[in-house]
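S.K.: Respectively, the protein sequence lines represent chains L and A. For the first sequence, this note's numbering begins at 1 and goes up steadily by one. For the second sequence, this note's numbering begins at 1 and goes up steadily by one.
The hints are simulated quantities; they were obtained by calculation from the structure and are not laboratory data.
From the structure, some residues in chain L lie toward chain A, with a derived Cβ separation under 7 Å: (1) E14; (2) V43; (3) S56; (4) I60; (5) S64; (6) H65; (7) H69; (8) A76; (9) C106; (10) R113; (11) S117.
Here are the simulated DMTMM-like pairs of lysine to aspartate or glutamate, each with C-alpha atoms no more than 20 Å apart in a straight line: (12) K104/A - E3/L; (13) K100/L - D17/L; (14) K104/A - D17/A; (15) K104/L - E73/L; (16) K18/L - E73/L; (17) K18/L - E3/A; (18) K18/A - E3/L; (19) K86/L - E73/A.
Here a beta-carbon is modelled for each residue, glycine too, at the ideal position from N, C-alpha and C.
Listed below, chain by chain, are the residues.
2 protein chains.
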Amino acid sequence: MHEFWGRHTLCNMEGIDKVNINNSDFFITLLRNAIATTNATLVDIVYHNFIPEGMSVIAILRESHVAIHTYPEYQALFLDVFTCGKQADPEKIVSYITNKLNPKQCFTQTIIRSSPSIKEKSF
Amino acid sequence: MHEFWGRHTLCNMEGIDKVNINNSDFFITLLRNAIATTNATLVDIVYHNFIPEGMSVIAILRESHVAIHTYPEYQALFLDVFTCGKQADPEKIVSYITNKLNPKQCFTQTIIRSSPSIKEKSF
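Construct the complete structure from the given sequences, taking the supplied hints into account.
M.R.: Quick look at the structure:
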């Protein structure tokens, strides 16, 4: 039985190389490799390219999801990694992606999610 | 140009009616109707049914995403609504879903996401 408990890491990045920020193949490979760094199971990856630019790439995990939304005009993106249960570590996935993208600025926070009677706490 | 700014509402619910919690058609319709309550544009909805039970339903929006992960064994779910820009209101989507599911317990928080040089604040 899955535990109704998870960690949700939210990350905002700016100053990303423009070469990759419109390349969906790059982000799909990046997500696959990042998810492989921890004990998470990839179910599917979907993406959408917006006009004129920007994309959303979302991985469904057995443990919840990873989502990336890019803003090429700002060389920026929002990243979410939400993993339910205690086996997968969302911060490992965020660290892998951050190291590969090497943003000039990055802000990350992790929120514990569980029963609504227990108020959520950031690490 | 999209602004690199958004609101991310996270919601944990328990005490949901068991009738609908394994019904993907119910959740797809619920998401479509919830998204229609605010100025957001639906791009696609994907879902995955887990064995023996539980499901993930994710809507890609022009403004980012909505994600639901259900835990039938706890009559519980995690809901995320992330909307970039200021036109769509994620709390309207969460309110619609909460009203329809009528959970016994619910905890909701909204996080402002923007440039990493600006620390995120909860409402």
